[in-house]
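Enquirer: Listed below are the residues making up each chain.
Protein chains: 8
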Amino acid sequence: MDKNKIRKLLEEVRKGNKSIKEALTVLENLPFIDLGFAKIDSHRELRMDAPEAIYCTNKTPAQIMRIIEKMKNDSNIIATRVPEKSLKKIKKTYPEAKIYPESNLVFIGKFPKKTIGKVTIITAGTSDIPVARESEITARSMGMEVEVIFDVGVSGIHRVLNIRNKLKKSDIAIVIAGMEGALPSVVAGLVDTPIIAVPTSVGYGASFKGIAPLLTMLNSCAPGISVMNIDNGYSAGFFAAAVIKKIRKKETE
Amino acid sequence: MDKNKIRKLLEEVRKGNKSIKEALTVLENLPFIDLGFAKIDSHRELRMDAPEAIYCTNKTPAQIMRIIEKMKNDSNIIATRVPEKSLKKIKKTYPEAKIYPESNLVFIGKFPKKTIGKVTIITAGTSDIPVARESEITARSMGMEVEVIFDVGVSGIHRVLNIRNKLKKSDIAIVIAGMEGALPSVVAGLVDTPIIAVPTSVGYGASFKGIAPLLTMLNSCAPGISVMNIDNGYSAGFFAAAVIKKIRKKETE
Amino acid sequence: MDKNKIRKLLEEVRKGNKSIKEALTVLENLPFIDLGFAKIDSHRELRMDAPEAIYCTNKTPAQIMRIIEKMKNDSNIIATRVPEKSLKKIKKTYPEAKIYPESNLVFIGKFPKKTIGKVTIITAGTSDIPVARESEITARSMGMEVEVIFDVGVSGIHRVLNIRNKLKKSDIAIVIAGMEGALPSVVAGLVDTPIIAVPTSVGYGASFKGIAPLLTMLNSCAPGISVMNIDNGYSAGFFAAAVIKKIRKKETE
Amino acid sequence: MDKNKIRKLLEEVRKGNKSIKEALTVLENLPFIDLGFAKIDSHRELRMDAPEAIYCTNKTPAQIMRIIEKMKNDSNIIATRVPEKSLKKIKKTYPEAKIYPESNLVFIGKFPKKTIGKVTIITAGTSDIPVARESEITARSMGMEVEVIFDVGVSGIHRVLNIRNKLKKSDIAIVIAGMEGALPSVVAGLVDTPIIAVPTSVGYGASFKGIAPLLTMLNSCAPGISVMNIDNGYSAGFFAAAVIKKIRKKETE
Amino acid sequence: MDKNKIRKLLEEVRKGNKSIKEALTVLENLPFIDLGFAKIDSHRELRMDAPEAIYCTNKTPAQIMRIIEKMKNDSNIIATRVPEKSLKKIKKTYPEAKIYPESNLVFIGKFPKKTIGKVTIITAGTSDIPVARESEITARSMGMEVEVIFDVGVSGIHRVLNIRNKLKKSDIAIVIAGMEGALPSVVAGLVDTPIIAVPTSVGYGASFKGIAPLLTMLNSCAPGISVMNIDNGYSAGFFAAAVIKKIRKKETE
Amino acid sequence: MDKNKIRKLLEEVRKGNKSIKEALTVLENLPFIDLGFAKIDSHRELRMDAPEAIYCTNKTPAQIMRIIEKMKNDSNIIATRVPEKSLKKIKKTYPEAKIYPESNLVFIGKFPKKTIGKVTIITAGTSDIPVARESEITARSMGMEVEVIFDVGVSGIHRVLNIRNKLKKSDIAIVIAGMEGALPSVVAGLVDTPIIAVPTSVGYGASFKGIAPLLTMLNSCAPGISVMNIDNGYSAGFFAAAVIKKIRKKETE
Amino acid sequence: MDKNKIRKLLEEVRKGNKSIKEALTVLENLPFIDLGFAKIDSHRELRMDAPEAIYCTNKTPAQIMRIIEKMKNDSNIIATRVPEKSLKKIKKTYPEAKIYPESNLVFIGKFPKKTIGKVTIITAGTSDIPVARESEITARSMGMEVEVIFDVGVSGIHRVLNIRNKLKKSDIAIVIAGMEGALPSVVAGLVDTPIIAVPTSVGYGASFKGIAPLLTMLNSCAPGISVMNIDNGYSAGFFAAAVIKKIRKKETE
Amino acid sequence: MDKNKIRKLLEEVRKGNKSIKEALTVLENLPFIDLGFAKIDSHRELRMDAPEAIYCTNKTPAQIMRIIEKMKNDSNIIATRVPEKSLKKIKKTYPEAKIYPESNLVFIGKFPKKTIGKVTIITAGTSDIPVARESEITARSMGMEVEVIFDVGVSGIHRVLNIRNKLKKSDIAIVIAGMEGALPSVVAGLVDTPIIAVPTSVGYGASFKGIAPLLTMLNSCAPGISVMNIDNGYSAGFFAAAVIKKIRKKETE
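Protein sequences, first through last, are from chains A, B, C, D, E, F, G and H.
At position 117 of the first sequence the residue is numbered 117 (this note's numbering), and the sequence of numbers has no breaks.
At position 244 of the second sequence the residue is numbered 244 (this note's numbering), and the sequence of numbers has no breaks.
At position 123 of the third sequence the residue is numbered 123 (this note's numbering), and the sequence of numbers has no breaks.
At position 90 of the fourth sequence the residue is numbered 90 (this note's numbering), and the sequence of numbers has no breaks.
At position 140 of the fifth sequence the residue is numbered 140 (this note's numbering), and the sequence of numbers has no breaks.
At position 222 of the sixth sequence the residue is numbered 222 (this note's numbering), and the sequence of numbers has no breaks.
At position 115 of the seventh sequence the residue is numbered 115 (this note's numbering), and the sequence of numbers has no breaks.
At position 12 of the eighth sequence the residue is numbered 12 (this note's numbering), and the sequence of numbers has no breaks.
Pulled out of the complex, with its shape left as it was, chain A reads as follows:
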């Protein structure tokens, strides 16, 4: 299309229907989106089978409903941190929507049937489940096979040892922990699977709403760990899937 637009312009120039000066002006001011550059960007997520993500904090129900409505035909949709009121509205308007109330999460669309990678998600505690759900749904919506294992705390190391095999068979592991956030360090010492660590705001006192596990993860003495923002399950799932897709895709080019 854009290419066509430029091609037509060039044809006009060749035919003499458009002066060089006129063409120059057009080309100079060509919105970058018409060069194909922006499209790649605005469609990037769709082409990657990533759902369009709507971050709903501070958005009114009306705004959220309008965005969903506009996007719904072109893309799967994932809506994170959806306020209670909007959750209800979505449920009513889109009965087919998958709603995960403990995560204030909504998914509208279909998970790809063919998966192209394996992601294992483990949480240190029961309270980290809502964050894990965000990672799970995001990764699944991008074509990943996902297994989620809850409550694998460091204080009972055998629980970690127990799932070593599952972790080793995954392309990537997402490790989610609040409080002191030591789980990723321990896991990284047990398997060669790269780890995406997500600190959560679970805890109290000197956990400072997730600062403690965030620092723990950033300072891990084990390499092979990369870190996400506090409670950012969505980005962890996205990054895991994006890495696998990118590398697998290049494989098959």
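Wrong hints could be hidden among the right ones.
[To be verified] Ranges between beta-carbon positions, derived for each pair: (1) A:K70 with C:E96: 51 to 59 Å; (2) H:E22 with G:K88: 50 to 58 Å; (3) A:E11 with B:R164: 22 to 30 Å; (4) G:K88 with E:K114: 52 to 60 Å; (5) F:R7 with A:R164: 21 to 29 Å; (6) E:K91 with A:E69: 50 to 58 Å; (7) F:K85 with C:K110: 47 to 55 Å; (8) F:K88 with A:E145: 40 to 48 Å; (9) A:N165 with B:A62: 55 to 63 Å.
[Said to hold, decoys possible] Cut-off 30 Å, straight-line C-alpha distance, at most; resulting in silico cross-link-like pairs (DSSO-like, lysine-lysine): (10) E:K98 with E:K166; (11) H:K113 with H:K169; (12) E:K72 with G:K110; (13) E:K85 with F:K168; (14) H:K113 with F:K168; (15) G:K110 with G:K169.
Just so you know, the hints here were simulated from the structure itself, not pulled from any lab data.
Beta carbons: idealized from backbone N, C-alpha and C, even for Gly.
With chain A held as given, fit chains B, C, D, E, F, G and H onto it using these hints.
Expert: Just chains B, C, D, E, F, G and H, lined up with the frame of chain A:
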């Protein structure tokens, strides 16, 4: 081997050479390393062609020299944050060592000839080069093809646009920035290559020795970014290589 | 007026109607406002066509209503962070008031018809709109032509490129962003329009209620950026208008 | 030039020397700098009579000398935070360079003779002078008339009152303060001149290397204040000059 | 009394009614309160005409009512940070109580008629009034003459100049400010009256619930300022009164 | 049991009922819990007479009830930070449960009749009682004799001196304080009883929800103090009991 | 004098020697210093027998010597935080100067012979002595009798009890402590002497260069404590003396 | 002795050599040390076989030498953080002193031959050794049998598993770790030995000189962990020994 050890024990039990009580004691106290569990761990890096890494801060020249001596035959070696004095000693003792004085980095060994993935490293400024070097050497030592591009600051966005193609052709990108650390966000908006972001302590005043870019990267509005500790070029290179290896390896299983 | 007051005093002295001692006492104790000094201050905002600003946090409805009542005849009024209850009271008492509920903002008065400068306001996300509104209303009330453009996030750089021309034609740009706050850096790299950056508390986790974008903006590697307090849309609008007025006014002196 | 490049391409197309397909390829991949877009950026500072700025922290003398050498013919040069050793080298190589050792600042070039605006810089203390010098040289190099007034501390308010007239006659004021940083608030209460506030790291204990004055300035109860990074005299001077230029230039368009 | 107790013991020893060993045991284990030491402490506040202070946060209505009941006969009572529910209960039970709902403050008792010092309290804004009230009531209950002046912000310096005389005639001044907290510095530059500075949590964004004004006050470039905890009006009033009492009392010894 | 499991396996091997290969597989994959290793862990608390602890924040009533139900037969149960709603449900379902509403604490089970150590718990203020209760119940459930003394603030040092003897007779003391948290330092200067210090979030302003007392306790100039997380009464009680048990147990081995 | 100046002006007006317009101009622009307002300020310290204080950090020896030279005839001089090099220069130029090298402190002048108040200074440790010296010299130079008592740590409470009488006989006490900074709380519980608390940067780890004792002092549960900036012995001495002078002076008015 | 002093006084009273009034005065003013109270305190460490500890930061060689000289006959001496220069002086003056240069630690005296408890110290890395040495020497000097095991990092969990038995046989374990500080959590999950966790300043970037491991340890999801100040090996050793002594001593009473 470990398996053998247990097998032999079981055979002794069957033959009646070992009482059940004796066997029980052995099995109960079996060092976990003998179950194959620990060995995998202690040799993990070697098997991944990752150099053994020595973090040299607070280590005396004597300690560093002894560690290198002990490891040298079994593994490539990467030594990070090597104090000036130890750098000189290494240079003298191991003339073949590759020394990167601006990064206080030493590599002893050989980079694999056959590469199995492509990593592009970009820095926002000239002052971020030492960190980039750590990433580069680590990733190369683990079998990656690495290209490093310096001084691609956000304040001249065209410099970023200019290297879009290179980035798109990489399996993974390492983006290194100090000061405000906005570069990863911008790059993530331009390409679908997953990004490992490394904040650096370059800057002054309210950059707080890297806290500012660290927060920027953690809070990026663009998904597909994972974050490393401040100035931790080594882990970025390791993680990039580990991810590619893990996924490629599974590919070919 | 003040001058007149002093002039009259001097005339009384000359005429002998007032003893020197009496005059001395008056002059010594003259409230500084009578020397012209204070008036400039207390009337500064009015003379600049700036609305009187009432910061309403922690003020009771009664207090707010009394302040508005007292000020209303002399000045346009802008009331920021107005609690819900007071919003309603104002609406009822002053039906002509312009009320922006999403910003808890009230404007009572008239926008100057003749504008003397152009301010463009852009926000990184939809959630930053309430802050932008504060800037907009303040700048308009001080005689600025204002255009507001929402949701120009860094993660889709083409959206920024797209509005380059608008920004270049403005006297000053206000750039509002939460999360990682990278937008001002990027914009500053594209246009020569000076930028007033406003961090917002939009975000979660390590955005620490606006600290992350605040630090990003303070540390921007691009010069030509000045920074406001978190969520302080009012001051950004005021500063933009004040700068244009001051410089334009001197122009025409 | 760039325009010419495209014009020539179009002429080739018209003449039939270049196929439409060939032209299409060129235009599609045209480095953005060739569209005039990037050039504007890379020459932005020069066209504004701003000196090219080199931030010298962490740069070796060799790197600094090379950058100066390369830039020197095209532009005035300002080098900030120049380490002692490099200062000496510059002095020797460029005897014409203006060197301000207390600021570790170098200026090579000529200040514009014709000034187009007036900037007054005041510091709260003697120790803030190095930061003020950065602002002064930067603003002067961009065509500003600059007056610098030192040691106008808040604890002797009359010193501030004393310079009210000078401040009122300026287009913009740069107010530099460490310790508690209250000076900008006080000045903003006295004059209608917009203020660029620069916190400095002068102080000890709970000034936390500039955090205290930074917070003071961001939270000023007086509007009309915008804030720079700690010790960032350069950006303050740049911003002041950029604002005046932008608005004056539009004036005369 | 305590003295008596020991005297009696000694008399018993002299009379031979108590063996030396017995006396020794008593003296060794004598509760320190019996030495007169502790009594001084537990009655300190009462003897200074300071009301017994009850800090009510986290106390149940029942607990608060019981403490008041127990103390009421021996002392004036000041209760700070009284939760709404307890306020009502106190009002009902003690109709004579003075209740300041905006400060969640209760005073039960009588202010001394004869005052022995003069304290002036000024606040930077209207929102600081609740804190000022705590200081006022506390100081008055300890025998001070108190004048409170509201809304003397730094941004209108003439308002400060206007009350210079009042401040100069006070023994001590309490200066209360939120936001940037610059008022104490300015006042200290105008009068020789020592200043007790109280930062308040009034403000938003980078005022960090009072950290900004706290730092400002601690770092004041003007000597003669001492600082209280954020929002601690009670301690400011207490300290002001205690200082005056101590020095006046010694005077008259 | 686990030992038995392995013993049976070995017996099967000896008898020839199980092939060595089969046994090998079992042993290799033996959940570590079956080696005795994990059991120690999962049963550790029970064997120590410690109640199973359920941290209830972010858990739904349903989750909490299910956990209690599952655990109830095997162990005493302590549930901390139980939300109001769940408290009620527990009360209804388990009428025998001991409920401490001010601490949101539940204990189900029986305190050991025979105590094996003495723990004294003191709090600086009345508001610290809820934290003290957590320590008390935990320590008692682990077989400790516990005495709790409230409101022993530093500002009345004689109250501390008064209980010196009680403290000296304890094996260990738990000292709980908010605000400035100086009490542990003072107590450590008076007795040779080791102190477990627990900072609480009691306070306001610059106590920063417990950071102030936490830092005070960590920096105590008196040795013999160890520190717990803010408000973590549970761990203090656990640690006190665990230390006494461990040392007493070894005694009697 | 100033009064005279205005009186003369008024006389000129009356005589008709000065036109009203001329007089108006003078009065309008009258430097505030001429109204008596500023003089009070610039001479405040001198009149209070306070030495002129020079804060020497970041000042060159030349600057320091020039300031001393200019001030020396009019005032006692106290120079704080004098760098080594300047200390030597002062010693050489002013052999009469009192130099306290451990505090980098210089006093030039004479302590008043007649003292008008009593200040006791106590430090928690030996390392706090340099800060105490600043307080001592400042207070003595302002006419105070000063006693300094070192090393009265909280961990040996009897050392504190031992000096209770001395403290009670003082008008005010300055209590200086690093590490956990609990000493002021304890002292305030023992005597009715108001306390000026000075946190010091003595300590390590979580004392964070004085933040820990600063927070401790701000949050003290004992009223009657006011706080200074970290290591600010000078201001503590100044405030103590200023308070006593102000109140004693009013006494004798 | 003190007892004797009082006994003699009582005898004088009985004999009538001292009037009751005289005796009263003496007893009232009796330094608390004479009541036995203070002695307990000042001799506490000695009686516990704890060496007198001298914290040497900020102390001059002269001061340190004088303190050692004065203490040497009465007690073992441990000097921590001894500056290089003082280390040399001590070495020369006291050739028998044990000097641990990597810890800047000195011990003068004799370790008790008979040990009464077992402490195991483990460090996560080689760089934590200096801190461990402080713990070791302190605990040994107080009569503990101490075993130190270095470099038991979490990233190789088998190294931890390997020493489980040693840990289980200890009365108490000191676990020392920098970087992310996860080791204590892991150890606490493996053994029932109570753990004293010491964070160290080893690390860089977001470890913030020990804040990261400090927070990790405070937030540990495993109970049975108590925490010391950053790098405070001395206190860890002291606390471990004090706990064991206290409990063992009571045992044998």
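Enquirer: Next, verify each hint and record whether it holds.
Expert: Structure-based check of each hint:
Between K70 of chain A and E96 of chain C the beta carbon distance is about 35 Å. The supplied range of 51 to 59 Å is therefore violated. Checked against the given bound of 50 to 58 Å, the beta carbons of E22 of chain H and K88 of chain G, roughly 57 Å apart, stay inside it. Between E11 of chain A and R164 of chain B the C-beta distance comes to about 28 Å, which sits within the given range of 22 to 30 Å. A hinted range of 52 to 60 Å holds for the C-beta pair K88 of chain G and K114 of chain E, which are about 57 Å apart.
Roughly 26 Å separates the CB atoms of R7 of chain F and R164 of chain A, a value that falls within the hinted 21 to 29 Å. The hinted range of 50 to 58 Å is satisfied by K91 of chain E and E69 of chain A, whose Cβ atoms lie roughly 54 Å apart. Between K85 of chain F and K110 of chain C, the C-beta spacing of about 53 Å keeps the proposed range 47 to 55 Å intact. Checked against the given bound of 40 to 48 Å, the beta carbons of K88 of chain F and E145 of chain A, roughly 42 Å apart, stay inside it.
Checking the proposed 55 to 63 Å range against N165 of chain A and A62 of chain B shows it is violated: the Cβ atoms sit about 42 Å from each other. Using a Cα cut-off of 30 Å, the hinted pair K98 of chain E and K166 of chain E holds, with the two alpha carbons roughly 27 Å apart. Note on K113 of chain H and K169 of chain H: the hinted pairing holds, with a Cα-Cα distance of about 20 Å set against a maximum of 30 Å. At most 30 Å may separate the alpha-carbon atoms for a hinted pair to count; K72 of chain E and K110 of chain G exceed this at roughly 53 Å.
For the given pair, K85 of chain E sits about 41 Å from K168 of chain F by alpha-carbon distance, which is inconsistent with the 30 Å threshold. For the proposed pair K113 of chain H and K168 of chain F, the alpha carbon gap of about 27 Å is at most 30 Å, so the pair holds. Simply put, K110 of chain G and K169 of chain G have alpha-carbon atoms about 26 Å apart, close enough for the 30 Å limit, and the pair holds.
When each numbered hint is compared with the structure, violations occur for hints 1, 9, 12 and 13.
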